[in-house]
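Produce the entire structure from the sequences given, and follow the hints as far as they go.
For reference, the chains in residue letters:
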Amino acid sequence: MLKDNEKIGAVMVVGSGIAGIQASLDLANSGMKVYLVENGISIGGVMAQLDKTFPTNDCSACILSPKLVEVGRHPNVEIKTQRTVDSVEGEPGKFKVKMTSAPRYVNLDKCTGCGDCAKVCPVTVKDEFNGNLSERKAIYRHFPQAIPSGFAIDKLGTSPCKAHCPTHISVQGYVALIAKGKFKEALKLIKQDNPFPIVCGRVCNHPCETACMRGKVDDPIDIMHLKQFVADLDLNSDTRYIPEKKESKGKKVAVVGAGPSGLTCAYYLAIEGYDVDVFEALPVAGGWLAVGIPEYRLPKNVLKAEIKVIEELGVKIHLNKRVGKDISFDKLKSDYSAIFIGCGTMKSSKLNIPGEEMQGVVHGVDYLMKVNLGEKVRLGDKVAVIGGGNVAMDAVRTAVRTGSKEVFILYRRTRAEMPASPEEIEEAIEEGIEMKFLVAPKRIVGKDGKVTGVECTRMELGEPDASGRRRPVEIKGSEFIVECDAIVPAIGQEADLSFITKESGVSINKWNNVDFDKVTFATNVPGIFTGGDVSTGPQTVVKAVYSGKEAAKSIDRYLRGEDMKAGREKDWTKDLADKADVSDVAKVPREKYPLMKPEDRKTNFKEVGLGFSEAQAIAEASRCLSCGICSECYQCVEACIAKAIDHDMKVEEETIEVGAIIASPGFELFDPRLRGEYGYGIYKNVVSAIQFERILSASGPFFGHVQRISDGKEPKKIAFIQCVGSRDVSCGNSWCSSVCCMYATKEAIIGKEHAKGLEPTIFYMDIRAHGKDFDRFVNRAKDEYGIRYIRSMPSSIKELQQSNNLLITYVNQDGTLAEEEFDMVVLSIGLMPPQEAKQLAANLGIELEEHGFCKTSLENPVQTSRPGVFVCGAFGGPKDIPETVMEASAAAACAEGLLASRRGTMITPVQNPEEKDMRGQPVRTGVFVCHCGINIGGVVDVPAVRDYAATLPTVVYAADNLFTCSQDTAVKMKEVIEEQNLTRVVVASCSPRTHEGLFQENCEKAGLNRYLFEMANIRDQDSWVHMHEPEAATAKAKDLLRMAVAKAQYLKPLKPGQLPVNHQALIIGGGLAGMTAALSLADQGFASFVVEKEDRLGGNYNHLYKTLEGLDTRAHLKNLLDKIYKNPLITVVTSAEIKKIEGYIGNYKTTVQSKDGEKVFEHGVVIVAIGAYENKPKEYLYGQNAAVKTQRELETMIYEKDAKLAAVKNVVMIQCVGSRDKERPYCSRYCCSEAIKNALELKAADPSRDITIIYRDIRTFAFKEDYYKKARELNVKFISYEEDRKPEVVASGDRVEVRVFDPILNEDVNVPADLLALSVGVVPNPENVTIGNMLKVSTNQDGFFLEAHVKLRPVDFATDGVFMCGMAHSPKFSDESITQANAAVSRACMILTLDYIQAEGKTAYVNKERCSACGLCEINCPYSAIQVNVAEGCAEVNAVLCKGCGVCTASCRMNAVDLNGFNNEEVLAQIYNINEG
Amino acid sequence: MARRKFATLKSFLNYIGVEGDRTIFTWVSASEGDRWAQVIKGATEKIRALGPANKLVKKIG
Amino acid sequence: MAENLANKDWEPKFVAIVCNWCTYAGADLAGISRIQYPPNVRIIRVPCTGRINPFYIVKALQTGADGVLVSG
Amino acid sequence: MENIETKLREEASRLLLEKKVDVIIGYEKGTLPLTATPCFITKPEETEKLVWNNFCTQNLAKYVHDLITQHKNSQKRVKPEDRKKKIIGVVARGCTTRSLIIHLQERQCGRDEVYIIGVPCDGYVDGKGLKAAISGADIVDGSIDGGQIKMKTSDGDKTVDLKDVLADCCKTCRFNNPIISDVMIGSPAPAMNPDAEYEDVREFEGKSTEERWAYFTKEMDKCIRCYACRQACPSCYCPICFVEQSQPQWVGIGEDPSDTQVFQLMRLYHMVGRCVDCGSCVSVCPMGVDLRKFLKKIDKDCFEFFGNRAGSSMEDMPPLGKFDEHHDKGDFVYNP
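Those protein sequence lines, which keep their order, are chains A, B, C and D.
Residues 102 to 1578 (this note's numbering) make up the first sequence, in order.
Residues 291 to 351 (this note's numbering) make up the second sequence, in order.
Residues 1476 to 1547 (this note's numbering) make up the third sequence, in order.
Residues 378 to 713 (this note's numbering) make up the fourth sequence, in order.
Source of the hints: derived by calculation from the structure; they are not laboratory data.
You may find that some hints are simply not true.
Distance ranges between label pairs, derived from CB positions [unchecked claim]:
#1 D:684 with A:1263: 44 to 52 Å
#2 D:459 with A:1440: 34 to 42 Å
#3 D:631 with C:1484: 29 to 37 Å
#4 A:1161 with D:664: 52 to 60 Å
Computed list of lysine to any residue pairs in SDA-like fashion (alpha-carbon distance at most 20 Å, straight line) [as the list claims (entries may be wrong)]:
#5 D:670 with B:310
#6 D:456 with A:1532
#7 A:1544 with D:698
#8 D:462 with A:1532
#9 D:699 with A:1440
#10 B:349 with D:634
#11 D:535 with D:412
#12 A:1509 with D:448
#13 A:346 with A:293
#14 B:331 with A:1133
#15 D:449 with A:1516
#16 B:331 with C:1510
#17 B:348 with D:597
#18 A:168 with C:1496
#19 D:699 with A:1523
#20 A:1509 with D:450
#21 A:1544 with C:1496
#22 B:348 with A:1577
#23 A:1437 with D:694
#24 B:348 with D:625
#25 B:331 with A:1132
#26 B:349 with A:1576
#27 D:706 with A:854
#28 A:220 with C:1510
#29 A:347 with A:376
#30 B:349 with D:599
#31 D:453 with A:1516
#32 B:331 with A:1130
#33 A:1509 with D:625
#34 D:535 with D:525
#35 D:449 with A:1528
#36 A:1279 with A:1323
We put the CB at the ideal spot given by N, CA and C, even for glycine.
Put into structure tokens, the structure is as follows:
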């Protein structure tokens, strides 16, 4: 065990759905440091996706958003997104947690959430947040209110095209840009990595296309010609793209050779600001591009145009200047700071066979060079070209064009092995060129020194060689002669390195290439670099470009004295985005690239390729699968004025020390495709419930319009199918998902509210409306909304061809088959353990239970198998939001219990300077107008608004800022406030809802009271919504600012009140909940008074023996009582009655009457745990016939081993006795499980017993379903009945007979019973009203206490300082009471841990002279924060309770109550200023 | 309560001759950005149709 | 007034007094979603519709607002 | 009527003798013929002054409130434990009890602080109407007999039917008998004609917007802002009326007609659920502003929208203190 001072006062919360958020807030608000860890990009979980919440139909976003903001701004909470936990070491109190963080690629400190990046992003993908029903960009956030509010980039890795392109252009990027018609941007992107798009758009060997994932579907994207398309557009445009040059660095670099590598190197160096001289031996620039590649593939003028851009950058190309001859290499060395050698391989390799010197043998390189330089070369009629590369193809096709009649290829392998690009070969064949394969030249034959033919041998293919191609092996004796007039050997090229002197020291290798470093392209001599063919031997253009580009980077670093290699090595095959499943992708053929007809092109050198049209280019680019999701087009980088985007972020690891861990990773939704019979994913109009939720949402894909997916029409008949992936052993999910019945009902109701004509039908097995007010909700759905419920599970769905309607087949209860047509089907999919459950559990060192959810303790449902690690929410089993929130608070309580001694040790309170004394100060207002990048400034004339502000009364300072929220502006604002002695600050920028707090902090830092600040929202409510009306938007901005300034002059410095807190608690009720709460409080070091009405503690728990799950509750109770009576912090008063409760949060005084007389307790909070009672039935002969018992009585008989039970053979149980009827229209929640528990015990004792359970709906939710299943397997019979057709019980001696209508048999049946057990349900404590009146809290329609919010504040009352737990809140299971008790403690501790309660600043106040004490304010106040003091004859505000809603103020005719921060003067000042003057 | 206040005020203003469309009451939830835009569009048109305010207006100067 | 009506350049200007938690948030959302609407409204934010004193509406009309929108 | 007066005096005398009340507010004969005026009686022997007839105009709840406020203020300087209770007896007809109910709902007094002596009412005479009926002649003496007012006037003897000169609010009164009382004098009066109470309003509603505005401005133009209406109204008991408040100043004090309109508009609006149609304001208005035309509309809306009639039941909550999700009308809400 750790000593207290060794523990860490911090808690890690893993998973940030509502459970994680609630746990974090509870912890943070009671002095713990919290790390909220999330593996996604923002917090909020599934609740953020919901439209409404049942049973109140509150807007989910509305109730969640404030929590998001609170946790996002909480000084004690650190949100860590995109993290996964790798391991947890240590013990409770001190854990070391190792985590990995995935890169977001957006710097959250800089991102303002303006969304400009998403606007320019060319990549759209399905938006999973909207159930894949809409699209989002690759840079995105899930929803506008997301926290963190910054964007994130979705990257799956590097797209294969980019990874395989030798120059690593963002291929996917420019393809995406082309698809969006952004051609200029595409070209610019290409030129970042390759200055030769015109060339590479024509003659590249395009490894990108080979790697293209689209190739797995149909054909790869025609990337090369897309590049050509944008390059040609630029070529033909009036102003060509010329990159911006950096400032001159004043250094000179020499480049040897004006080929692709040399010119590329020159290009990038020129951009960097170097003076570059290129020396070229030939009379043209371009190297092999100019003299090797024929005109018909790469027209000379086109090449010239490409090079012209390089020259325009200032690169000087010196033609006909051969280094070594016209200028010496050593001179270059002395005149230039660096040299790049890129002279290529311009010498042909020799065949090295006899006769090669004969006339008529023209080597390919020489041949092409001559032709390209304009020399007329006539080879004769019959020409043999030897070789299979591109040079061979160029030579052979050139020969055709120079008039040779019969031109053919001799190649020693087959077509498959030819290194030339396939389209080249194809085009050659089209032009009538014959290819002789498996033929090798042996000897050139001739006459008079002139070629007449070549002797060849036939070859066959042997084992593969080093290149992976099969090695050609000579077939002995197969020699034959091929007649021809000329032979063009085109089998390879070599470099001419004669100019490199020995003295230079440049190392040349055995292949006659310059030696170089593979990353930096530096030679062994400092300052000399190389690239292109001269370093590698003959290679492709792109590779040459790459080397030139990389060498330029090295030269730049070299000349700046930086490490040339640092951070440059990169394995492009890592993180390859090539794992996507492409099986579902629809086939779309490749756009046909237009070529000149063979017959038209054969005879001339006109360019063969004609280029894509714009429509073709867009269509072809649109075929891209966006493998990497983010295309790395860097449009976002340019669009982001805040410079927040960083595409180079890396995966990182970190280790954090915490005292406890709470796991709240939530749940996964069942994939309905696994229930193939429902056609999800195939039939368009079959959607999942979460999709329907998004359809209903006003911010969803259809803006809340209910519509079908197939045709966008509003559906009429819509079917919900329950239990898809729940209660279904066939897919491995035996459990009930607990929430689907209710959410389906909710969706049906909301659907009907959105589309009045909707006719929803819900197909179900049992309606599980087991929560507070749930049955009432279902009844309303049936009675008020006319929603149809059918007890049946459809067996299949068929889609009707024409209408896309869906035909559902189902079995009626009586066994008959029915068919019905629907317009739309919603599948109520179940809740599953989160996908990462197994891994997470292993990493956290906790166990999972049999279904794959987190294993929890029976005595404490938030305790995992590892001490110090707690769980909450659906990870512990499927559950609804309030249970989740309760568990979150309970888990927080348990973590706090462990770390109570270290509270407040990990957090640092903010220190602000003393506030300025404002007395006697005139109003001096400073105005800051924000551009918000271009978000405001792009529409509103910000300088004009600033100038206008300066003219307003009280304004002494007005400025405009690029980003008012940035750190540097914050510093500036502080300085200005001090320098200008400002007494008011007004910011015109975005929404106060998101930024007011930030600016108020700035004010405080400058010693200005935070309430002397006001905002004008000129972005969210102006520039963004009037984008096309700049003048009107500017006028509006001025108006809004004038109104804000006018209001500001009336603002008052506010000092929120403080109240001391008594650190003890009163717990009313000593049942399970009360006892648990007392012990939990004691764990945290807080004393409590437990007041119990009865003479002993325990309440209903005294009557329980075992839970359904098997907990021995007797032993548990004994253990609790032991602990309670031993604990010095707990005072128990039994047989006691509360006489009076006075005071309010922090300061209560309660008078208690007990046997020992009257006692007065002083305490700071109240926990109401006064429980509920078992209903005493009047029906079914209870109390009249000895055979009729309640379930509780039966349980006692079973466990007390009542002898009478032995004779009991026939047992009947009736459910919902006194529940779910007119008088008590609620479900008592536990009765179904209790009945099954007793039935299982009875069966276990005597399997021959005949047990029948007569029920309405069996509500064994979550894992309790397994016991229901077991009972059915053990042949317990279940007969359902309807409320209006209750069973009848007649006495038959000392037994009874139960008569009930069996819907399956469709007739009445009589069931004899030796024992009839009634499941009698729960009635609220009749004292609720009295206690409620004392505490000024209310009860709901059923008489249970009413919580502050049914979803998110299930243990709080609307009145602060009062909490509830146990059955006082609603009927519940014992483990749920334990959780809720712990939750109540967690909530209470947020107050008990404070020395003072800080009131809100913006609270109401009373002007006594005006008040007539009429009490209207008191009636209207929802928080009991204002009351009439009768003695004083006026109302008084309790500032601690006041939430500043202002309802009291507007209800006051006398204007006696007013509201700080929004008082009448302030609001009227705004109203008076809507118009100028 | 607020509802009742506005219901009666609107009715009364209309009764004394201030056109009903000059005072508009509605509800927009935090997730209904589109509804807000529709409300403003609708309100602008209603008010435009009435012409400039001339009742209860204080003459300036 | 008559001359105003005849003035084709006249644009109505009206006040919207709105609740911070619902409508104001909804209006922000419209902005975030870039939903365009006419620029004729001037918003005044209050914590809750309950805070809106009916007198505000009357005063806004007296000030010359062409209309008043109250939204909770 | 004589019989009621006798009983009233007896009861008043008994209450004072038995110290059940400290003071009784009732009506005594006015100085002019055919008038009555409020009086405060603290001694049993003074009860002989009390009258109850068709000239008892004022709503005495106003005086009850004044007296209680006065008393409360006087007690403010006394220690809470030494404070004295003062019980006020009041002669109350239907509308007076409605006002008292409003005061009770609005906690202006405790139920044990007022002793309500209920009297039946068959309406009071509208002084201005009577004067008009006799063509402006001065009344020298007069009496009521068998539903007729018989007068000696400067213009000779005149007789007018009582029902013709009743105040408008009385003609259509729905609650002419006390709603609550501690003692009831006499038997309930017969019903008036409540079915017609909104006829005027309906007719006005039928006019065009411009006609309505013209009427409103015309009436408001008469107002000289003497605040007599406010002074007479039992529901106008604010310690400082908004019109006199500063920081902020709600209503301008200049000549602009809109300021008067706004004053009247807001005072009228403050009557939502609080106007009992006692006619006090109308009877005291020196300029004859048609306030009832507007007050009845408030009353009508309150009933039609919320099912509430001001002060008609002790059990009611103030209508602006609650909201009924299921029954309140929602048609004023704009849905684009």
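Status of each hint after checking the structure:
1. With their beta carbons about 46 Å apart, residue 684 of chain D and residue 1263 of chain A fall inside the hinted range of 44 to 52 Å.
2. Restraint check, residue 459 of chain D to residue 1440 of chain A: a C-beta distance of roughly 40 Å satisfies the suggested window 34 to 42 Å.
3. Roughly 31 Å separates the CB atoms of residue 631 of chain D and residue 1484 of chain C, a value that falls within the hinted 29 to 37 Å.
4. At about 59 Å, the CB distance of residue 1161 of chain A to residue 664 of chain D agrees with the hint of 52 to 60 Å.
5. With a CA separation close to 19 Å, the supplied pair residue 670 of chain D and residue 310 of chain B stays within the 20 Å bound.
6. For the suggested pair residue 456 of chain D and residue 1532 of chain A, the alpha carbons sit about 10 Å apart, so the restraint of at most 20 Å is met.
7. The suggested pairing of residue 1544 of chain A with residue 698 of chain D holds, with an alpha-carbon distance near 19 Å, which does not exceed 20 Å.
8. For the given pair, residue 462 of chain D sits about 12 Å from residue 1532 of chain A by alpha-carbon distance, which is consistent with the 20 Å threshold.
9. Taking the CA atoms of residue 699 of chain D and residue 1440 of chain A, the gap is near 17 Å; set against the 20 Å cutoff, the hint holds.
10. This hinted pair checks out: residue 349 of chain B and residue 634 of chain D have alpha carbons roughly 9 Å apart, not beyond 20 Å.
11. Note on residue 535 of chain D and residue 412 of chain D: the hinted pairing holds, with a Cα-Cα distance of about 17 Å set against a maximum of 20 Å.
12. At roughly 18 Å between alpha-carbon atoms, residue 1509 of chain A and residue 448 of chain D fall within 20 Å of each other, so this suggested pair holds.
13. With a C-alpha separation of about 13 Å, the suggested pair residue 346 of chain A and residue 293 of chain A falls inside the 20 Å cut-off, and the hint holds.
14. Using a Cα cut-off of 20 Å, the hinted pair residue 331 of chain B and residue 1133 of chain A holds, with the two alpha carbons roughly 15 Å apart.
15. Our distance criterion of 20 Å between C-alpha atoms is met by residue 449 of chain D and residue 1516 of chain A, whose separation comes to about 17 Å.
16. Taking the CA atoms of residue 331 of chain B and residue 1510 of chain C, the gap is about 11 Å. The hint holds against a cut of 20 Å.
17. Of the supplied pair hints, the one linking residue 348 of chain B and residue 597 of chain D holds, its CA atoms being roughly 14 Å apart against a limit of 20 Å.
18. Simply put, residue 168 of chain A and residue 1496 of chain C have alpha-carbon atoms about 12 Å apart, close enough for the 20 Å limit, and the pair holds.
19. Using a Cα cut-off of 20 Å, the hinted pair residue 699 of chain D and residue 1523 of chain A holds, with the two alpha carbons roughly 11 Å apart.
20. Restraint check for residue 1509 of chain A and residue 450 of chain D: the C-alpha separation of about 13 Å stays at or below 20 Å, so the hint holds.
21. Taken as a hint, the residue 1544 of chain A and residue 1496 of chain C pair is honoured in the structure, with Cα atoms around 13 Å apart against an allowance of 20 Å.
22. Straight-line distance between C-alpha atoms of residue 348 of chain B and residue 1577 of chain A comes to about 14 Å, which keeps the hinted pair within the 20 Å bound.
23. Of the supplied pair hints, the one linking residue 1437 of chain A and residue 694 of chain D holds, its CA atoms being roughly 18 Å apart against a limit of 20 Å.
24. Restraint check for residue 348 of chain B and residue 625 of chain D: satisfied, since their Cα atoms lie roughly 17 Å apart, inside the 20 Å limit.
25. Distance restraint check for residue 331 of chain B and residue 1132 of chain A: the Cα-Cα separation of roughly 18 Å lies within the 20 Å cut-off, and the hinted pair is therefore satisfied.
26. Taking the CA atoms of residue 349 of chain B and residue 1576 of chain A, the gap is about 13 Å. The hint holds against a cut of 20 Å.
27. A C-alpha spacing of about 18 Å is found between residue 706 of chain D and residue 854 of chain A, which places the hinted pair at or below 20 Å, so the restraint holds.
28. Using a Cα cut-off of 20 Å, the hinted pair residue 220 of chain A and residue 1510 of chain C holds, with the two alpha carbons roughly 14 Å apart.
29. As the CA atoms of residue 347 of chain A and residue 376 of chain A are separated by approximately 12 Å, the hinted pair is consistent with the 20 Å bound.
30. Among the hinted pairs, residue 349 of chain B with residue 599 of chain D is consistent with the structure: their alpha-carbon atoms are about 19 Å apart, no more than 20 Å.
31. Restraint check for residue 453 of chain D and residue 1516 of chain A: satisfied, since their Cα atoms lie roughly 19 Å apart, inside the 20 Å limit.
32. Our distance criterion of 20 Å between C-alpha atoms is met by residue 331 of chain B and residue 1130 of chain A, whose separation comes to about 15 Å.
33. With a CA separation close to 16 Å, the supplied pair residue 1509 of chain A and residue 625 of chain D stays within the 20 Å bound.
34. Between residue 535 of chain D and residue 525 of chain D, the direct Cα distance comes to roughly 10 Å. Compliance with the 20 Å bound is thereby established for this hinted pair.
35. Under the criterion of a C-alpha separation no larger than 20 Å, the hint pairing residue 449 of chain D with residue 1528 of chain A is consistent with the structure, at around 18 Å.
36. Taken as a hint, the residue 1279 of chain A and residue 1323 of chain A pair is honoured in the structure, with Cα atoms around 15 Å apart against an allowance of 20 Å.
Of the hints listed earlier, there is not a single one the structure fails to meet.
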